Structure formats: structure tokens, C-alpha cells
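Trainee: The chain contents come next:
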Amino acid sequence: MVFIPALWPTGINYRKVGEKPFILEEDFCPRTAHRHGNHTAPPLTACEAGNVGNATPYRAVDRRRMLAAAALGREVAPLEPAPGDVAPYGTVRGSIIDVSPHLIVVEDDAGEEHRLVIAPWATAWRGAPIAPAELPLRANVIIRALHGGTVADRVWADITRITGTIRSVSGNRDLTIELDCGPHRRPRSVVVPYRATGRIRVRHPQLEPGYLFDAIGMIDEGTTLALLPATSQPPYRANAVPPPPPAYRGVQPTISGTAVWGDFEEYGVAYPMLEPGDAGCEDAGVSCTGLPYLSLGSVLHVLNECDRRGNRLPIVACGCVAGRFCDRCLECGTSERGRIVELSTTAYVELGGELTKGCFNVRVGLG
Amino acid sequence: MLVLGGVAKLAAGDSAPGALARLGPAVLVPERFARPAMICCAAGEFALAAALVFADHPAARWLPVVFFSIATYVLWDLRKRRPDAGCGCFGDVSVAPVGLRSIARSAVLTAMAVLVALERVTGADLPALWSGTVAAWIAGYAALLLLLSPEVEELIDRVRYRAPCEQRRIPPGRALSRLKASAAWRAHRPMLAAEEPSDMWRELCWRFFTFPAKDGSEVVFAVYLSGRRPAVKAAVVPPDGAPAIADDSRVPISR
Chain A
1 MVFIPALWPT
11 GINYRKVGEK
21 PFILEEDFCP
31 RTAHRHGNHT
41 APPLTACEAG
51 NVGNATPYRA
61 VDRRRMLAAA
71 ALGREVAPLE
81 PAPGDVAPYG
91 TVRGSIIDVS
101 PHLIVVEDDA
111 GEEHRLVIAP
121 WATAWRGAPI
131 APAELPLRAN
141 VIIRALHGGT
151 VADRVWADIT
161 RITGTIRSVS
171 GNRDLTIELD
181 CGPHRRPRSV
191 VVPYRATGRI
201 RVRHPQLEPG
211 YLFDAIGMID
221 EGTTLALLPA
231 TSQPPYRANA
241 VPPPPPAYRG
251 VQPTISGTAV
261 WGDFEEYGVA
271 YPMLEPGDAG
281 CEDAGVSCTG
291 LPYLSLGSVL
301 HVLNECDRRG
311 NRLPIVACGC
321 VAGRFCDRCL
331 ECGTSERGRI
341 VELSTTAYVE
351 LGGELTKGCF
361 NVRVGLG
Chain B
1 MLVLGGVAKL
11 AAGDSAPGAL
21 ARLGPAVLVP
31 ERFARPAMIC
41 CAAGEFALAA
51 ALVFADHPAA
61 RWLPVVFFSI
71 ATYVLWDLRK
81 RRPDAGCGCF
91 GDVSVAPVGL
101 RSIARSAVLT
111 AMAVLVALER
121 VTGADLPALW
131 SGTVAAWIAG
141 YAALLLLLSP
151 EVEELIDRVR
161 YRAPCEQRRI
171 PPGRALSRLK
181 ASAAWRAHRP
191 MLAAEEPSDM
201 WRELCWRFFT
211 FPAKDGSEVV
221 FAVYLSGRRP
231 AVKAAVVPPD
241 GAPAIADDSR
251 VPISR
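These protein sequence lines map, in sequence, to chains A and B.
Mapping the first sequence onto the working numbering, position 150 (from 1) lands on 150, and the numbers just tick up by one.
Mapping the second sequence onto the working numbering, position 159 (from 1) lands on 159, and the numbers just tick up by one.
Since the hints were derived computationally from the structure, they do not count as laboratory data.
Errors might be hidden in some of the hints.
Here are some of the chain A residues that sit facing chain B, going by a computed Cβ distance under 8 angstroms [what the hints assert, rightly or not]:
id : residue
1  : Arg64
2  : Ala70
3  : Leu72
4  : Pro246
5  : Gly277
6  : Pro292
7  : Leu294
8  : Ser295
Only pairs whose alpha carbons sit at most 25 angstroms apart, straight line, appear in this in silico SDA-like list of lysine to any residue [unchecked claim]:
id : chain 1 : residue 1 : chain 2 : residue 2
9  : A       : Lys357    : A       : Arg201
10 : B       : Lys180    : A       : Leu72
11 : B       : Lys180    : A       : Arg65
12 : B       : Lys214    : A       : Arg65
13 : B       : Lys214    : A       : Ala69
14 : A       : Lys357    : A       : Asn140
15 : A       : Lys357    : A       : Glu113
16 : B       : Lys180    : B       : Glu196
17 : B       : Lys180    : A       : Arg74
18 : B       : Lys180    : A       : Ala69
Note that the structure is a prediction, hence the values are computed from the model and not measured.
Beta carbons are placed, not taken as given, at the ideal position from N, Cα and C, and that holds for glycine.
This is chain A alone, in the form it adopts within the complex (with noise of 0.2 angstroms):
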């Protein structure tokens, strides 16, 4: 079956820092439903059709792979697993126009509708675990799926990660907790409902303004709601970032980590190591792993070290936040520390992961 690539955006968003002639600001396209495994490339939408006329081209991110490959006399691999790797899985993203106990129907963002099969041993997840048919219309589903696209195989319904610096909590039952989410993202407000503050709290020792916080949640009629935490908070503060160890051997090709989700709309992965010039971000070159350094537009090689799962991915997005973290994954086994790369949701879900666990054990290599 042949691999065909799913499309990412014509453009990149940069954010205008200082005086730097070369970074523009420029609109992309939101990420549309696809699906792999078949023949067809799915059709440009209105926005992606204007902008491969407008966009100049030298700013795209395929365009800086061939004239890097071009300049130091490379080959330029294609977007597609490596050979050796477990095929990515499938997913359809979109909002639920119909759900019965053995079909669901789906519009994507596109407009087009894609009508899936619920496999009998399907679970769905909306704040916590329900039956497919149980799944309200309406609710902005991500479904793993299976057999080119048409048996659905899990469901998550309204997820969402919400993760950043705590800026104030507040409340007493119902904790209220305001959270700057890095200079790429909006600030965001978060209810952390009574029935979930314990476990929150437990893997959050710190609830304080300084502080880092990740957790997983659910966007209920326009409020997002954390319920499970994603990781254990890490001890320092978000500004005071340990140091990585010094790497007295040399560079290894390939690094062992973390990767993460996050809830951002380009497809590929946010990375933290990017020169501060270069990715318009003051915040970025953090991590508490020695990373290399790195560009929008260069393509890793993510390995899910779980099940084998790899695609080639570009980098999309700074990863200033994740880079703070240093915690492992226990998914299989214990990882190293540190969040090397921080997948876009549909991404995450194609290698394997599991959106409620919150990471998986990675390692990542320049593609």
C-alpha cells in the first residue's frame, strides 16, 4: 500500500521579533481531516489553494529541506516512515454528525464526511471512559482508525492539554487556575473541577504562581476542564531550568526521550532546541537534554520506541514550554529525562499514542 504523505500548511507563522527582515508574519492554513492508507490525496481547501499562489516560496517548509539538500549536495527523503518502521495509524478529526452503536459519522473541517465502522472492541473517552454510542453530536472528535481510514478503533472526544506557568489559582472547591502557555499560545484559563483537585493536586505539589503545570482534560460547552494530570510537576521553577549534562563523547545520532502532545493546529512536532533568532522566540534553546539545534522547516524521525511506529515529521512550531519539562515516560519501560519533541495531536495519535496517557517513549533522529 503506498504511504501517501498527509499535507501540512504552505506557510509558516512566525512572530515578528525586533527588526529581522527575513521572518514575516504569515497565515497557514488549519489542519484538515485525512486519511492514509488511501490512494487519493485529499483535495486543497480554498485557503491552501490562495496561498500556494500568494506564498513566496522560499518561506514553506518543504522548500528549505531541498535547498538545504541542494546546497550540501543531499538527497531529499520523502515525508514517510523509514523502512524498518510500523506503519503509522490512520485518524479522522472532526466534529460527530451521527453515532450509532456501530457507525459514526464524522464532518471534517473540510466539509467532507467520513462515515467509520466502530470496531467491537472500540472505547471512547470524553472526561472519562464511555461507550461510541454514547458520545454526544456535535462533540470535536480525533478517532483512530484502522483499515485505511473506515473502522474506528478509539475515540476522544473534546480532549484537550492544557500546559504552561502558573500565573494565580483561585477558588476553593473548584480550583480556577490562570495559565500563560508560552508566546506562541494564548493564555489560558482552566477549571479544575472538585473530583479531580485530588489527583491533580497529588502530582502538582506546587500550585503557585512560577510553577509549571500539564494536564489533560476536555473542553465542556466552551470551558476547559482539567482531569487528569499529565506528568509530575517538576521541582523548580519554569524560569530556573537545570542545565543539560555535558556531553563529553561527542553527539550521538540519535536521542531517547519524551515525547508529548500538544494542542496546536500544524501537523509535525514542536522542538525546543531553535535559535531564539531564527524561531522568533526569546524563550527558545531550553531543555534540560542536550539537544542539537535545530530549524522550523528541518524533519526529525520520530520512533515510537513502544510499538515501533515511525514517521518523518517536520518541525512546525517552537517548543519553548515543553523544553522546560524534564520528566520521563513510564509507557513502557523508563525513558530518558527531558521532552525532546512535542507532537501535534493527529501526529501523536498516528504513532500509537494514547492522548490520555500523555507521552510515550521516543527516539529521534534527523530524517
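Given the coordinates of chain A, work out where chain B should sit on it, guided by the hints.
Mentor: What follows is chain B alone, placed relative to chain A:
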């Protein structure tokens, strides 16, 4: 020596929170007193140093003897009881476990303190007694102390460490000036439409600059970021895709 030791102990107090627990006298006292113990030790050393230089009193001369002999005993005890702990004599540079060298250094300092006490001189007398032989003796003792100090090797290692090029933050200005001084730039300059790059990014040890060319294509330069005269490579890429010319065959790679 006393002043150096005091300063280094105080400086170590600011470093990583667990580090103090592994050093010298702090290891022998309960954990709550580790930091105050180091600070007391440092303060005591400053006081003794001041007393040696300025005070002309037998107590001022015999107190360092007492201090150094206690220190020798403490180190010997430390070596027996906690073989993995460093002596902490000079803060966190002294993380190497206590060996015979550290103990010997402490014993030599004790002997020197005894000599100073028996001779009944102070630091203030030193300029008057200065002569060639005195200078030679001082140099000899200093060399002996350096020889007995394991901290010197640790300091040299720290100064020589350099992160590999991929993990070092390197600002783009130097790469740009290296590019403009290279042969590849001189060869491609006539075809460029602008002197400033339209895009630049970094991958591992290479930094890439893209310039628009007059005919609508783009010229991309790759500059290596390490070394004294790093390599510069160039390619001309038309707007639709496949590079027409990989120019390192025509232009020699600048070294």
C-alpha cells in the same frame, strides 16, 4: 590558602542544592547543619587568615596550627568513613574523593603553621624580611602544595571543556561575515538581486542563507559553524524545484 579556601566554600553554597551534602565537613554533620557548617568553616578560615597577617599574638599563630591539625584528622576520618565524599576544601572543585594527596597537603600546611608559630613572625613582617632565599623557599612550598592538590586537574578539565558545535548557541553574524569573505560569495555575487539574505536558518553545525537571484531563482549558501576557516557551499535553485547547478564543482570549497 586560607582566604582561597574560605571564598571557595562560600561560593559553593550557591550551586546545586544537593552538592553541599557531598563535600567535606558537611558530610560529617547532620543534614540540617550542612550549609551552616560550611559557612562557619569559611568564616573561621577568613578570621584565621586575618589573624595570621595582622595580629602579633601567640594565640593568633597557634590557632592555625590547631585548625590545620584538626583538618588533617577530619580528612583522615572522612576517608575512612565516607570514601566517596570529596574534601570540599575549595568548594565544589574538590569533589574528587579524599586521597592521600589531600591528607598530605593538610599535614604539610600543619607543619608550615607550626614553623610560623615557632618563628614568631607575622604577615606584616614579611616585606622587611624579603630576600632571594625567602622567595625561593616560598615558591618551593607553593609548588609542593600545588602538587598535592587534586583540584588543579579538575580546574584544567573544566576550562578545557567545550560543548560540541551542534549544542552551542552561535549567533548568525559571524557566519554571515564568513560567508561574505568566501570565494563562493565572490563567485555568485554578480547574479544576486540583494545583499541581505531573504531567509536564514540553522541545522546542526550548518547555517543556511538564501539570497534572491536576478533571474527569479534563489542562491543558497551553507556555512559550517566551527573551525578557523569553515567550509562554505553554494547552490542555485530555480523557483520551481530541482536545483539546476550544485556549484561546488565549479567553485572550490573555501577552506
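Trainee: Quick one, are Lys357 of chain A and Arg201 of chain A close enough, alpha carbons at most 25 angstroms?
Mentor: holds, 17 angstroms
Trainee: With a cut-off of 8 angstroms, does the beta carbon of Leu72 of chain A approach a beta carbon of chain B closely enough for the hint to hold?
Mentor: holds, 6 angstroms
Trainee: Please verify whether Lys180 of chain B and Ala69 of chain A have alpha carbons no more than 25 angstroms apart.
Mentor: holds, 21 angstroms
Trainee: Quick one, are Lys180 of chain B and Arg74 of chain A close enough, alpha carbons at most 25 angstroms?
Mentor: At roughly 24 angstroms apart (the allowed maximum being 25 angstroms), Arg74 of chain A and Lys180 of chain B satisfy the hint.
Trainee: Grab the minimum C-beta distance from Leu294 of chain A to chain B and call the hint holds if it beats 8 angstroms, violated otherwise.
Mentor: holds, 6 angstroms
Trainee: When the nearest CB of chain B is found for Ser295 of chain A, is that gap smaller than 8 angstroms?
Mentor: Since the shortest Cβ distance to chain B is 4 angstroms, the answer is holds.
Trainee: Under the criterion of a CB-CB separation shorter than 8 angstroms, is Arg64 of chain A in contact with chain B as hinted?
Mentor: holds, 6 angstroms
Trainee: Is the straight-line distance between the alpha-carbon of Lys357 of chain A and that of Asn140 of chain A 25 angstroms or less?
Mentor: holds, 19 angstroms
Trainee: Holds or violated: is there a CB of chain B closer than 8 angstroms to the CB of Gly277 of chain A?
Mentor: holds, 6 angstroms
Trainee: Compare the distance between the alpha carbons of Lys180 of chain B and Arg65 of chain A with 25 angstroms, and conclude whether the hinted pair is satisfied.
Mentor: holds, 23 angstroms
Trainee: Take the C-alpha atoms of Lys357 of chain A and Glu113 of chain A, compute the straight-line distance between them, and say whether it is at most 25 angstroms.
Mentor: violated, 29 angstroms
Trainee: At a threshold of 8 angstroms, is the proposed contact between Pro292 of chain A and chain B supported by beta-carbon distances?
Mentor: Holds - the Cβ of Pro292 of chain A comes within 8 angstroms of chain B, reaching about 3 angstroms at its closest.
Checked against the numbered hints given earlier, the structure breaks only hint 15 and satisfies all the rest.
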